[in-house]
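Sequences and hints are given; from them, build the entire structure.
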Amino acid sequence: DTAVSQTPKYLVTQMGNDKSIKCEQNLGHDTMYWYKQDSKKFLKIMFSYNNKELIINETVPNRFSPKSPDKAHLNLHINSLELGDSAVYFCASSLNRVLRTDTQYFGPGTRLTVL
Amino acid sequence: DAKTTQPTSMDCAEGRAANLPCNHSTISGNEYVYWYRQIHSQGPQYIIHGLKNNETNEMASLIITEDRKSSTLILPHATLRDTAVYYCIVRVGNTGGFKTIFGAGTRLFVKA
Numbered sequence: 003d004t005a006v007s008q009t010p011k012y013l014v015t016q017m018g019n020d021k022s023i024k025c026e027q028n029l030g031h032d033t034m035y036w037y038k039q040d041s042k043k044f045l046k047i048m049f050s051y052n053n054k055e056l057i058i059n060e061t062v063p064n065r066f067s068p069k070s071p072d073k074a075h076l077n078l079h080i081n082s083l084e085l086g087d088s089a090v091y092f093c094a095s096s097l098n099r100v101l102r103t104d105t106q107y108f109g110p111g112t113r114l115t116v117l
Numbered sequence: 086d087a088k089t090t091q092p093t094s095m096d097c098a099e100g101r102a103a104n105l106p107c108n109h110s111t112i113s114g115n116e117y118v119y120w121y122r123q124i125h126s127q128g129p130q131y132i133i134h135g136l137k138n139n140e141t142n143e144m145a146s147l148i149i150t151e152d153r154k155s156s157t158l159i160l161p162h163a164t165l166r167d168t169a170v171y172y173c174i175v176r177v178g179n180t181g182g183f184k185t186i187f188g189a190g191t192r193l194f195v196k197a
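Those protein sequence lines, which keep their order, are chains A and B.
For the first sequence, the numbering used here gives the first residue as 3, with consecutive numbering after it.
For the second sequence, the numbering used here gives the first residue as 86, with consecutive numbering after it.
Treat the hints with caution; some may be incorrect.
What the hints assert, rightly or not - For lysine-lysine, the following DSSO-like pairs were computed, each having C-alpha atoms within a straight-line distance of at most 27 angstroms:
{"hint": "1", "chain 1": "B", "residue 1": "137", "chain 2": "B", "residue 2": "154"}
{"hint": "2", "chain 1": "A", "residue 1": "24", "chain 2": "B", "residue 2": "184"}
{"hint": "3", "chain 1": "A", "residue 1": "24", "chain 2": "A", "residue 2": "11"}
{"hint": "4", "chain 1": "A", "residue 1": "46", "chain 2": "B", "residue 2": "184"}
{"hint": "5", "chain 1": "B", "residue 1": "137", "chain 2": "A", "residue 2": "42"}
{"hint": "6", "chain 1": "B", "residue 1": "196", "chain 2": "A", "residue 2": "43"}
{"hint": "7", "chain 1": "A", "residue 1": "54", "chain 2": "B", "residue 2": "137"}
{"hint": "8", "chain 1": "A", "residue 1": "43", "chain 2": "B", "residue 2": "88"}
{"hint": "9", "chain 1": "B", "residue 1": "184", "chain 2": "A", "residue 2": "69"}
{"hint": "10", "chain 1": "B", "residue 1": "184", "chain 2": "A", "residue 2": "73"}
{"hint": "11", "chain 1": "B", "residue 1": "154", "chain 2": "A", "residue 2": "46"}
{"hint": "12", "chain 1": "A", "residue 1": "42", "chain 2": "B", "residue 2": "196"}
{"hint": "13", "chain 1": "B", "residue 1": "184", "chain 2": "A", "residue 2": "43"}
{"hint": "14", "chain 1": "A", "residue 1": "38", "chain 2": "B", "residue 2": "184"}
Simulated from the structure, these hints should not be mistaken for laboratory data.
Here the structure is a predicted model, which is why all the values come from computation and not from measurement.
What follows is the structure in structure tokens.
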């Protein structure tokens, strides 16, 4: 069974469109994350949710809106897509970020290409 | 910003031990050192973590210096499938919890 899953795996779209990426974890974790990995391969955290509550928002443009309907799901909606949004987006989950030792488990990634 | 510095890349012969160093000179007493790796086109994968004692699991060993300012990840018998980017991370205290910040990592090439 896949622990952290994301859909879709690939997403190709035009500038200005709106798109969503979905993430689900079946590990029973309280905390979920979205990371962005750009062409330079740096992995940067975007958002973190703990029990459906937004905890971290790392100066991400307002066009990005995460939604957590329950603690097993964290979706990412992106409005008015721009060329610079092209990247691989990784979802992750962990038991609880308040723990001093807290291992993150990552999904397979969604490769977004904006044309 | 990441609290760690690592070499940009390293080579290792298949079957030999791969020793990946990491400096974390500003680490605080209650901050753990974590190692993850990212194989091409996949999500990062947890390897091991430690506080002050050396740790070993089925994947690797982690050696932390007594002053905790540096550590070494050891893959005892590297295989071609261990070619990846290895991230050394110090989890820092943050509002309401701890934060995991990924740096640039070390690109390990295992060669036949």
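Okay, which hints does this one fail, numbers in order?
-> Hints 5 and 7 not satisfied by this model.
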